[in-house]
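Enquirer: Protein chains in written order, with numbering that gives the first Met the number 0: chain U, 0 to 291; chain R, 0 to 201.
Any given hint could turn out to be false.
Below, a list of computed lysine to any residue pairs in the SDA-like style, where the Cα atoms sit at most 25 Å apart [claimed, not checked]: (1) Lys119(R) / Met89(R); (2) Lys109(R) / Phe287(U); (3) Lys165(R) / Arg200(U).
Just so you know, these hints were derived from the structure itself, not from any lab.
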Amino acid sequence: MAAPCSRMANRPLWQFITNVRRTGLKHTGVRQISLSSACRAATQTRSKTEGVASPWKLYGAVCLQRLPVISQERNPIEDQFAELMHQMELERSLLSDHEQRLLEDSERMTRKQADNYDSDEEEADYGGQETITAQDQEDSWEQKLKHFQPALRDRGRSGTPLGSVERCLGDSLVLLVQQTVGKETIWLLPQAQWEAGETLRQTAERGLNSLPEADFKATFLGNTPCGVYRYKFPKEVQTECCVGAKVFFFKAFLSAGSASQKEPFLWVKKTELQGYLKPPYLEKVDRFILNL
Amino acid sequence: MIDCLSSIPLQASFALHSRVLDQAGLLFRLAFSNERQYRTMPTHGIGKYKHLLPKEAPKKKKERQQMKQIKTATDAEYGTLNVKVSGYDMILVEHYSQYIHNLCNRLGVKVAESYALPTKSTEVMVMPEQGTKMYVDAILKTHERIVQLSQLNATLCPTFMEVLLKNQPEGIQLSVKLHTEADYQARFKARPELEGLMAQMT
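Isolated chain U, as found in the complex (with noise of 0.2 Å):
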């Protein structure tokens, strides 16, 4: 079952601030690959530069991911592994006091039942019957357990929908929203443009606050993205100003919510996300998304 864990003290440990001049225009299209390596914002500290615009727009995008709320199903060798150091644990293992005292009472019952039993000589060694032997408490215990009804292992049924929180419990999930990125409505991470005067992490929660009809609680794990992603758009749209967009993903974990299933929402495992990010934004993605 995954635990809780409570928040590390938030400190603001730096602040990302550069100037970039919105323009009114929005990017369409097709998105071209450039490579580029995982940004590790945190060591680089930008000074802020009045009247010095950089030609490209910022995003905060969050990778809000559901913990696995079960623990995985064993593979057949790691089953039979267990197996083995189970019974051999087993073997190795001493008798626990439960145990002798169960060895005690059955040896002293033997002794009852014997011709020459002298009762006097017994209560003199042992100062007295208990009430409760060890297997009168083994049986109780026994009753207990039969009463207790584990719950189910998937407690959805096999056609749980995609975008329900509840599917694949024993795996972890990443939210994909759809959203329209020019003319295109594509699925992707939710994401929101940066503002002048926020740090990148508030964009990122903004950007999932501001998802419709949702509300996720999330845990933000640091002030330090995750990934970037950075496109060009298409030659037509390009000006001095604008000439493509970065995207900065920061990793989240989801401490409460829930959403209408109406709402385009998936929760989709990392092996599932081939099926629904473009090519070259999955490439980058793929790299902070742990597979664990």
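Mind docking chain R on chain U? Use the hints.
Expert: Then chain R, alone, in the frame of chain U:
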């Protein structure tokens, strides 16, 4: 002559082994190992090395345990963090804390300390439907282990936390907090007689 030659390596090796012997111990050594000081011989004093070592300060008694300095956070790194792992199953708790420690070693995060807090026993009392008296059903023991990290890089932090969270076993609670002096003092046992005497003094 041959005796002299053969005794030299003996003497040298003996001198190497007997570090704790000082000048008074020289006689002790001579008395028990048949070594003679051939003071007129040029090889007298061969093997002496104590005079070459730097002077040691006289050994003082073990000082009272002082708290290690709690580091504060800088712009690029977090200060002293306490990663607390707690749960009912001791095997899982131990293994998970060992995993965290090894992960830190591999990733280059400095581990300041790694200790265990005392086990807390919780008694589960059950009240039957008919009677009013509660009886003890089970005793649950909560084990806690703490791994103290000193300089966690801010860029490494989200990945580190993610790996920790994704590898968390069932039934284990993970909590990451800043280390405070109160945490340090809580590890020590209370000394009631000392406190009583202090109260009497004031």
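Enquirer: Are the hints correct? Go through all of them and say.
Expert: Evaluated hints:
{"no.": "1", "hint": "Lys119(R) / Met89(R)", "in the structure": "holds, 12 Å"}
{"no.": "2", "hint": "Lys109(R) / Phe287(U)", "in the structure": "holds, 24 Å"}
{"no.": "3", "hint": "Lys165(R) / Arg200(U)", "in the structure": "holds, 22 Å"}
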